[in-house]
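Asks: Mind docking chain B on chain A? Use the hints.
Letter by letter, the chains look like this.
There are 2 protein chains.
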Amino acid sequence: MVTIAYLGPPGTYTEAAALAYPDWLPPSARQQVPCLYPYPSIAQSLKAVAGGQVDFAVVPVENLVEGSVTVTLDTLWQLDTLQIRQALILPVSHALISEAKSLDSIQTVYSHPQALGQCQKWLEQFLPLVQLVPTNSTTEALQSLEGDPAIAAIASERAARLYNLPVLVCPIQDYLENCTRFWILSKSASPEATERSPRQNQAVKPALGTYTSLAFSVPANKPGALVQPLQVFAKRQINLSRIESRPSKRSLGDYVFFIDLEVSLADLSLQSALAELGTYTEILKIFGSYTVLENS
Amino acid sequence: MVTIAYLGPPGTYTEAAALAYPDWLPPSARQQVPCLYPYPSIAQSLKAVAGGQVDFAVVPVENLVEGSVTVTLDTLWQLDTLQIRQALILPVSHALISEAKSLDSIQTVYSHPQALGQCQKWLEQFLPLVQLVPTNSTTEALQSLEGDPAIAAIASERAARLYNLPVLVCPIQDYLENCTRFWILSKSASPEATERSPRQNQAVKPALGTYTSLAFSVPANKPGALVQPLQVFAKRQINLSRIESRPSKRSLGDYVFFIDLEVSLADLSLQSALAELGTYTEILKIFGSYTVLENS
Numbered sequence: 068m069v070t071i072a073y074l075g076p077p078g079t080y081t082e083a084a085a086l087a088y089p090d091w092l093p094p095s096a097r098q099q100v101p102c103l104y105p106y107p108s109i110a111q112s113l114k115a116v117a118g119g120q121v122d123f124a125v126v127p128v129e130n131l132v133e134g135s136v137t138v139t140l141d142t143l144w145q146l147d148t149l150q151i152r153q154a155l156i157l158p159v160s161h162a163l164i165s166e167a168k169s170l171d172s173i174q175t176v177y178s179h180p181q182a183l184g185q186c187q188k189w190l191e192q193f194l195p196l197v198q199l200v201p202t203n204s205t206t207e208a209l210q211s212l213e214g215d216p217a218i219a220a221i222a223s224e225r226a227a228r229l230y231n232l233p234v235l236v237c238p239i240q241d242y243l244e245n246c247t248r249f250w251i252l253s254k255s256a257s258p259e260a261t262e263r264s265p266r267q268n269q270a271v272k273p274a275l276g277t278y279t280s281l282a283f284s285v286p287a288n289k290p291g292a293l294v295q296p297l298q299v300f301a302k303r304q305i306n307l308s309r310i311e312s313r314p315s316k317r318s319l320g321d322y323v324f325f326i327d328l329e330v331s332l333a334d335l336s337l338q339s340a341l342a343e344l345g346t347y348t349e350i351l352k353i354f355g356s357y358t359v360l361e362n363s
Numbered sequence: 068m069v070t071i072a073y074l075g076p077p078g079t080y081t082e083a084a085a086l087a088y089p090d091w092l093p094p095s096a097r098q099q100v101p102c103l104y105p106y107p108s109i110a111q112s113l114k115a116v117a118g119g120q121v122d123f124a125v126v127p128v129e130n131l132v133e134g135s136v137t138v139t140l141d142t143l144w145q146l147d148t149l150q151i152r153q154a155l156i157l158p159v160s161h162a163l164i165s166e167a168k169s170l171d172s173i174q175t176v177y178s179h180p181q182a183l184g185q186c187q188k189w190l191e192q193f194l195p196l197v198q199l200v201p202t203n204s205t206t207e208a209l210q211s212l213e214g215d216p217a218i219a220a221i222a223s224e225r226a227a228r229l230y231n232l233p234v235l236v237c238p239i240q241d242y243l244e245n246c247t248r249f250w251i252l253s254k255s256a257s258p259e260a261t262e263r264s265p266r267q268n269q270a271v272k273p274a275l276g277t278y279t280s281l282a283f284s285v286p287a288n289k290p291g292a293l294v295q296p297l298q299v300f301a302k303r304q305i306n307l308s309r310i311e312s313r314p315s316k317r318s319l320g321d322y323v324f325f326i327d328l329e330v331s332l333a334d335l336s337l338q339s340a341l342a343e344l345g346t347y348t349e350i351l352k353i354f355g356s357y358t359v360l361e362n363s
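These protein sequence lines map, in sequence, to chains A and B.
Numbering (this note's numbering) for the first sequence: 68 to 363.
Numbering (this note's numbering) for the second sequence: 68 to 363.
So here's chain A without its partners, still in its complex pose (with noise of 0.2 angstroms):
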């Protein structure tokens, strides 16, 4: 059986990116169905992947308004590196769930930091004068509601229905086109990733195209350092689509770089861009090539 970590409790968003599609999973792997497993943390459910304890690790990785997760980049960077088998962004919807018969009652508002960000706006035009109280899921948020018409949370509507709670206002997220991606990674890479079709599924668009992903750190403290490392993918014409910087954790100021570009590994002119780039980085972690689906 195919086994898949996912950040739980049951009813996060990453719980339902893990659910929604069949089509993440390799071809010899879709008839069977995934068990899923539910862990206190991204870095944990990035762990058991590297680990062995599972084949697979569902995360998410960017937000349209909150940018990048970043403990998801950091541990990828940490860990022996991890393939990402598929790409897939999903819309994200957030609700409004208490027992409150209207907003008036509401005094305290929990959801995840990240949640509580995307429907910032909303918060201070309809719930001004409420407490906010970040938790470390969208689903524990739920846990705090106890029935108090005083309390609500913010988190999506199927994790309302899958704790049978009331959804008093829907959607609240202040940009309606509010999405997330998210990355499927196991240990190995996968042949085929690059070339086969998505199954064809109505709530899935085309393919938006093959990406790879790779992060490298340079020499500290010399100029240019980081303009060496994109002219590579420059002048073959190479487009990022995607840069991202995080700390070292060695002094202030020396970065690992994260980087998408819109090319296949089976490229060549990716191939030669990658043996020219290891002249200028320090170390340099390839994630692999992939697709990406969309959620209609």
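Do not take every clue at face value.
As the list makes no split between identical chains, a pair holds if one copy fits it or if it spans any two.
Unchecked claim - Below 30 angstroms or equal to it, Euclidean Cα-Cα: the simulated DSSO-like pairs (lysine-lysine) are:
#  : residue 1 : residue 2
1  : K254      : K316
2  : K188      : K302
3  : K316      : K352
4  : K352      : K302
5  : K168      : K188
6  : K114      : K302
7  : K168      : K316
8  : K352      : K254
9  : K254      : K114
10 : K168      : K302
11 : K114      : K168
12 : K188      : K114
13 : K114      : K352
14 : K188      : K316
15 : K254      : K188
16 : K168      : K254
17 : K352      : K188
18 : K352      : K168
Calculated from the structure, these hints are not laboratory results.
If you're wondering where the values come from, they're calculated on a predicted model, not measured in any experiment.
Replies: Frame of chain A; chain B shown alone:
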């Protein structure tokens, strides 16, 4: 009287940064005792200076372990351009504060997510079974103690003294060299800021040089769109000490880039670089030049 906004309540690391350094103030204001105003969020303290309610705001920008304080960058991009008057690097040492006589009785630990993240390995080693509860600030975590030996909070030793609470273990951060960089900002630039030397003070090392910070967006989906702006600086031997990407919140994959340069706006090479930079960027915001002080 000079007024300074900061993330409160009193006892936070941001308040320590605001309190410790009369050198942050322009020379004309150094004889005055500054009046510190706590704000419930970083965004609100920045809006207070943009709206003219206070003269300055002190905000955290970047931590050695946890990286960028994204709300600081996102709010700066949204507001009319504020000017950075000074940067300060402050050591951040965390204490476990509790009425408990030993670690054995502790079941729950409260703190700001950044502080929990900075003590993650220590917590895994010495308190592997406790529940971690995030709060809006380290000072707020102290309000959860209520004399209960089953509860602990992570905050500074200074905060423990301020609220007359016992320190059980200190330091507990994973990296002993842990530090955070802060900016002090105002609506107008300080013409003398880049020239004056910091006042002699045993706690402050000599300034670490002059920096200029800016942010820009580039046209979306254009190969090499980020490389051109970076080449502007590289070909003039201007060193980038930092690059950070943040979502523009328009669509996934559309970013704003924040850059710190090791050069002053008074430098002719930077002036020529900025003139060329404008041809490659969509929106360009220049946050001014400033020196960096480091606490010893």
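Asks: Of the numbered hints stated earlier in the document, which are not met by this structure?
Replies: 2, 6, 7, 10, 11, 16 and 18
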